[in-house]
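**Q** Just so you know, the protein sequences line up as chains A, B, C and D, in that order. Per the numbering used here, residue 2 is the first one in the first sequence, and the count goes up by one each step. Per the numbering used here, residue 2 is the first one in the second sequence, and the count goes up by one each step. Per the numbering used here, residue 2 is the first one in the third sequence, and the count goes up by one each step. Per the numbering used here, residue 2 is the first one in the fourth sequence, and the count goes up by one each step.
What the hints contain is simulated information worked out from the structure, not anything from laboratory work. Accuracy of the hints is not assured; some may be wrong.
No copy is singled out in the list; a pair is fine if it fits within one copy or between any two copies.
Said to hold, decoys possible - No more than 25 Å apart at the CA atoms, straight line, and that leaves these computed lysine-lysine pairs for BS3-like:
| hint | residue 1 | residue 2 |
| --- | --- | --- |
| 1 | K206 | K43 |
| 2 | K43 | K272 |
| 3 | K257 | K206 |
| 4 | K92 | K69 |
| 5 | K144 | K3 |
Bear in mind the structure is a predicted one, so any value in this text is a computation, not a measurement.
4 protein chains.
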Amino acid sequence: MKKINVGIVGATGYAGAELARILCQHPYVNISSVSSVSYEGKLYSDVFENFRGILDLTLENASAVIEKSDVIFASLPHGLSEPLAETCLEKGKLLIDLGADFRMYDENDYSEWYKRAYSHPEIHKYARYCLPELYRDKVKEAKIIGNPGCYPTSIALACAPALSNALVRTDNIIIDSKSGVTGAGRGLTQNSHYPDTNEAFSAYKACQHRHTPEIEQTLSDVAGTELRVTFIPHLLPVNRGIESTVYMNLNEGVTKEKVRECYQKAYAGEKFVRLIPDGCYANIKNVRMSNYCDISLHFDMRCNRLVVCSVIDNMVKGAAGQAVQNMNIYYGYPEDTALCAVPQQF
Amino acid sequence: MKKINVGIVGATGYAGAELARILCQHPYVNISSVSSVSYEGKLYSDVFENFRGILDLTLENASAVIEKSDVIFASLPHGLSEPLAETCLEKGKLLIDLGADFRMYDENDYSEWYKRAYSHPEIHKYARYCLPELYRDKVKEAKIIGNPGCYPTSIALACAPALSNALVRTDNIIIDSKSGVTGAGRGLTQNSHYPDTNEAFSAYKACQHRHTPEIEQTLSDVAGTELRVTFIPHLLPVNRGIESTVYMNLNEGVTKEKVRECYQKAYAGEKFVRLIPDGCYANIKNVRMSNYCDISLHFDMRCNRLVVCSVIDNMVKGAAGQAVQNMNIYYGYPEDTALCAVPQQF
Amino acid sequence: MKKINVGIVGATGYAGAELARILCQHPYVNISSVSSVSYEGKLYSDVFENFRGILDLTLENASAVIEKSDVIFASLPHGLSEPLAETCLEKGKLLIDLGADFRMYDENDYSEWYKRAYSHPEIHKYARYCLPELYRDKVKEAKIIGNPGCYPTSIALACAPALSNALVRTDNIIIDSKSGVTGAGRGLTQNSHYPDTNEAFSAYKACQHRHTPEIEQTLSDVAGTELRVTFIPHLLPVNRGIESTVYMNLNEGVTKEKVRECYQKAYAGEKFVRLIPDGCYANIKNVRMSNYCDISLHFDMRCNRLVVCSVIDNMVKGAAGQAVQNMNIYYGYPEDTALCAVPQQF
Amino acid sequence: MKKINVGIVGATGYAGAELARILCQHPYVNISSVSSVSYEGKLYSDVFENFRGILDLTLENASAVIEKSDVIFASLPHGLSEPLAETCLEKGKLLIDLGADFRMYDENDYSEWYKRAYSHPEIHKYARYCLPELYRDKVKEAKIIGNPGCYPTSIALACAPALSNALVRTDNIIIDSKSGVTGAGRGLTQNSHYPDTNEAFSAYKACQHRHTPEIEQTLSDVAGTELRVTFIPHLLPVNRGIESTVYMNLNEGVTKEKVRECYQKAYAGEKFVRLIPDGCYANIKNVRMSNYCDISLHFDMRCNRLVVCSVIDNMVKGAAGQAVQNMNIYYGYPEDTALCAVPQQF
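So here's chain A without its partners, still in its complex pose (with noise of 0.2 Å):
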């Protein structure tokens, strides 16, 4: 099989070293080109001195990434990957975007929450959102692939059954979530300095975090109808990993045993998502440095009340390994290439 040439646009943010991490070791591709604005001409493995011998590219820009590759993934601020798209459509190549730009349906959730407007608003036609468990038909009619974001990712799956099942009420979904810190990036801040994270806990951007409004997309969507949500993220003193706990209202009549069905028919064909057993609990431990996305069910019936537990890696399949799995189907590979990957336990 010819390789095809992949780059990576902002290779030198985590999400970045991630997907370089994952791609050196897909079969089927070549890492033709990676780029940085900050680092650019000095070696990859200079920059990431665990890829010493492995991938000792030098950096470039991402013109050059463009001109070298057939699909380009760009981890990118926000309001740069538009112009990046026009110039990877006019050239006939794949985007793949880790950023926010190419997630939403409506420009008006954008432009509320990110407080810009689109730049080029005639490309978006193009761009398709691609969480393949939900969304994999999209995957192949798109030109530009908007990649999930982590928390979405984690809270999506989690929910979907019991909203596209109508097992739970649409008004009062409470979303309580965690994020490891490379979830912050990996520009230096007061907030991700080790002695100020190491042993501290807390809320941030408690109702204005930006993946709000794709949450709620997501879930509106498989719910049939408009929805809101509470959503307050956490930041948790651990390198990788997500956990949310979604607590929803259980609808009049609703069996233990009912949600739990619809969980597993939801889920029965997907390899990346695992339905925990009775009694056991998500824990991202199972699912670091893999593609998997864990998910428990536990029951308030004093309360009449659902809590569902969702963990991922949020650099894996919150980023870019969920982008290799649309990769993957958008060119027909086996889904799992380059993401078998057993988690690391410890």
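Fit chains B, C and D to the known structure of chain A by using the hints.
**A** Here is chains B, C and D on its own, set in the frame of chain A:
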């Protein structure tokens, strides 16, 4: 001032060691005796080497502690404090119990969740549940002090002003708590084995944690109506600290300003409760090694919901510190004696 | 290519689980059976939930593993591998032993440090100590492979070029090593209880660690003269990784350039040993979850001293990865089969 | 007793915050003013939220601090304390400098390692290097107190009895130290970014750390002869604590008993130095949040070598605590005033 003699039964658990740490710095007490079933006969400072040269007592048994002390602190598995309390009552000595035996108003709540009946039902009329900020008056009338649990402390302080002022509905209270690993005790389990805990995160005992009836008892009491909560605890990979994020639906017409005002009024004179300014977040690092409870208020006005974040050090305000606070009140010492340490931010 | 059947005896320790993780990704093997004394009869994926849907075998006993496998990996306390080896020899099956029973050339060294004599002295002539980068030729002649210990691996690779080229004196070698907590095993101890380990650091077993004779055996061998070392291990509050800082006094006239040249030559063809550029430091994060050993050279020319920093993942190159590397060599597979993972930097 | 006014210049670094934490609990001082270049005009408790309600001063500039204080603590990058000291001298105020400007006896050592000459050479005659356990007499004669560095404190206390009693050779001292991340300061760097530091470990500044001449100055002084050491620091993924493992070759005929006896005698009257019993190990967790230095002695009699493990809290005995200890001595307060906290074991 003549010093009182204090003793610790169960001194080799974490709460016992924390009592010793705080009491060593208390100017009005003398630690007269410490006991432990597992380590009887050993030097305390051989069990906890941080105490070398500071508290070099030999560990005795419970009877010796009672004999030598005016006040007995007990930190024992549930069921073991009742006989101890009887002896203390007989001898006219104050028992401050950090366990669960003397927290419930209603034996049925205790027997339902702890799966045993009281062994000494007649002595419970001398016991008082003493969370000082809510029940300060109870302390002086107690002969047995039931010291609150860690989760319930963080949650009661988070919710009391909202419920006592009828700011929120009582039928939809959701509590998502996260506790440091000392909360699981010093006994060895796979779940607290370092490589299984580090870089891990999950819920546990969902909807079945034994602190639930204590939480509901206090919240019902301040609300003036029976209520139930959904309570999900999670294990946080840090040594110390509890963060509780509480979700409550605002009653109609209640404004942010009204909420803040009620909280300010409720805690105006309380040294150990700090209401954090708008836009900041209660973080366990700001209360570590201290008796403070920090509370921050957040609003999801799109969903008409109040979110309260509350943090304590589970070992101090959640256990030993609050016990000393109760002793200070009982004896008329300044309430913050031995509890003035500045929190350890890093 | 026909797959070989491999089994793991002692599969529920950390090294056993790491073997399973790596072997699951090995294209030429089939995991035929796993055993455990403590968990016999349970599902492997109920013990290690990360394996759910990946390795759902039922745990058996050691005899079943031997019966069903061509190659047996054993990860057992010392003393238990000898009888196992005898059975494997009889049945003509390869044993790769991750324990200490087959590492020493001289039974006296074993009995002095492990306080027991060989139970099956006659079988040791079929055993070979196989650290591939130093003793690759031994692998094919072995019937029992003694897989090196974690500390000795990091130290032997750090010192071999200096000693075999007579760059340093042999009478003053000082080794200060630090190991992640998985090195202490999965058994519960107070020292690996999370709150006792987290934010802690100390030496342990100073000058009496059982890896000492193995270290001295290899260093003496490459130096061509009997030597002794001072070896102090420390417990590092991370899950994985060993860092060894080795201090050696340079022989007269030996220059930095000469040292670097010898190290470069020694490891020129070795995929798994990476000599880090001048000015950089070997860091465990750059080898985590991989079979690499990174080595950096430092010079204190004021004291005429060479300092070598060496890092490995104690679970991979220090245990399971090296065992698979040995199996690959034995069977003539590419040496890096199943060992190509890019290290996990974050 | 009339309280003295103390001020902190550079109060928003970690050492500054630690000074504030300790001084808040000092019965004989009043914190009159704090300064910071970066945060001037902000509330101290907005920078460090743990101080809310405890120390709500507005940050001023250095001049204001000097004006309002009897004692000035300075925690500044090297070079900045000299002009400050001159002003303090003029105004007759005591400067306790936590930086490097007043630690060296010989300007040449300073200029060689810090790459600058003294800007105010004439004032250095008023400065004294004050490590109380070794140089208690110097404190009262000082007008400027040069407070020791963190590594040098742990190392000097580890070595002094061995060197002053001629127990060991002076030509082969090797020091392997490990420091928590607060040692690297509060300034943002990639190396202290949480995901780059957590689960990582490596040496840094091998043989070129600026504490080297300070270490050699003290060790030479107590040994009575010029000596050099090899000193390799490592970054430890914990917030607080330094562990130094020091390797020294015993002089002929020196026994274990003799060594232990000399250490006992040397520290017999020293509250803050604890000699750990045979068979135990100095562990940073037993000194955290305290002014103690714990020392354990180990012997490799096979190699005739003494190994000393020494631990301190780098922020307390290694910085702010020792500075307060010096102030207590200077003013004739009990030496342990505000320094009696029991270490935080967990």
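**Q** Now, for every hint given, state plainly whether the structure supports it.
**A** Hint by hint, here is what the structure shows:
1. K206 with K43: Classified as between: cross-chain Cα gap 23 Å, same-chain 35 Å, threshold 25 Å.
2. K43 with K272: between (38 Å within a copy, 23 Å between copies)
3. K257 with K206: between (33 Å within a copy, 17 Å between copies)
4. K92 with K69: within (11 Å within a copy, 56 Å between copies)
5. K144 with K3: Answer is within; shortest intra-copy Cα gap is 21 Å, inter-copy 42 Å.
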